[in-house]
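J.: Here is what each chain is made of, one letter per residue.
Number of protein chains: 2
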Amino acid sequence: MVGPEIERLIQLLSRLPGLGPRSARRAALHLVDKREVLLQPLAHVLADVADKIKTCAICGNYDSVDPCSICADTRRDGAILCVVEDVGALWAMERTGAFRGRYHVLGGLLSALDGIGPDELGIPKLVQRVVESGVTEIILATPATVEGQTTAHLVADRLAGLGVAVSGLAHGVPVGGSLDYLDDGTISAALRARRAF
Amino acid sequence: MVGPEIERLIQLLSRLPGLGPRSARRAALHLVDKREVLLQPLAHVLADVADKIKTCAICGNYDSVDPCSICADTRRDGAILCVVEDVGALWAMERTGAFRGRYHVLGGLLSALDGIGPDELGIPKLVQRVVESGVTEIILATPATVEGQTTAHLVADRLAGLGVAVSGLAHGVPVGGSLDYLDDGTISAALRARRAF
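Chains A and B, in that order, give the protein sequences. The first sequence lines up with residues 1 to 197 when you count with the UniProt record's numbering. The second sequence lines up with residues 1 to 197 when you count with the UniProt record's numbering.
This is chain A alone, in the form it adopts within the complex (with noise of 0.2 Å):
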């Protein structure tokens, strides 16, 4: 009785990752509640953005411009590339403000079970950035899971005798954490990477 239009919408929206079929169908009701305000600037949008963003040939950030306004900005240290999993890893590192240096998106982790190995992770390109860009020193921003870890020693052996520096993030617990909501991982992982005080 929705109709194929809306039938479409729901369906479509239901794809976005923290909506269900459900929440999905309320959001598609919304947005036809909502039509001059929010239905049609965010068609608007989404064709812009289909339209404008690209990823970058470089380091696989999105961005309106390829190369990237990072991988374009000569204030940024081109020395330190920042490895990350996903864009989304690196606008959370942008969001610190505290990195001067560029990145490498890999587009995924290591998974046997997908079938995604060190040619689908774009590895050989990051090794050959290196060579070839004068990169000295690479921090391995992978996450703290298993599959991270594992993609970021895959990354780390590649890298092997090129002469860069390689490191990871340190491990422990959060700013603000209580130990208390910690798992025991990570309060493990505090304690041997313990500092002088």
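Incorrect hints may appear among the rest.
Claimed, not checked - According to the in silico footprint, chain A covers these stretches of chain B (three or more CB under 8 Å from chain A):
1) 21-32
2) 46-56
3) 60-70
4) 149-163
Please keep in mind that the hints were generated in silico from the structure rather than gathered at the bench. For glycine and all other residues, C-beta sits at the position ideal for the given N, C-alpha and C.
Since the structure of chain A is already known, use the hints to place chain B on it.
T.: Just chain B, lined up with the frame of chain A:
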């Protein structure tokens, strides 16, 4: 660093029910990840919905035709109207397949706080429809909340003396519901409305 197009996409997505700022960011990233298979189709269907979907001038339903397919369906009983809060409630009622009359969408509930009175809810329009279209029965299907029931009482008041039968949905234990997980109000209502076995 995200760029103005993606920033705007995140901002609009975060206005959907069920998506906060963080999940809107994830959804935007997912859309850009799946440009061909998700972002572009969604842009098209939104433009399509914006273009085609109208509010039915008779009942307030959303459809690509006006009067909507329910109001236009001669197999449905135009003498019975189900009064609902919004199109979401109409959809929910339609999914049951249990109602073969037509609808009247109020577009909200009475709310002194939000300045929503009888006129904003189109109650005069409902009264006019009842008088002019030979409606003989009204089913009040507003939610079982204070606002929903206040609204139902107001509608019933306005319809008094028009010679139309007015009923409300039964309150009771939801089918499949266990007493353990039900609130006291529902159990009391079910007890008061107990039926001979």
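J.: So, for every hint listed, does it hold in this structure?
T.: Going through the hints against the structure:
1. 21-32: holds (count 8)
2. 46-56: Result for this restraint: holds, n = 7.
3. 60-70: holds (count 5)
4. 149-163: violated (count 0)
Of the numbered hints stated above, the single one contradicted by the structure is hint 4.
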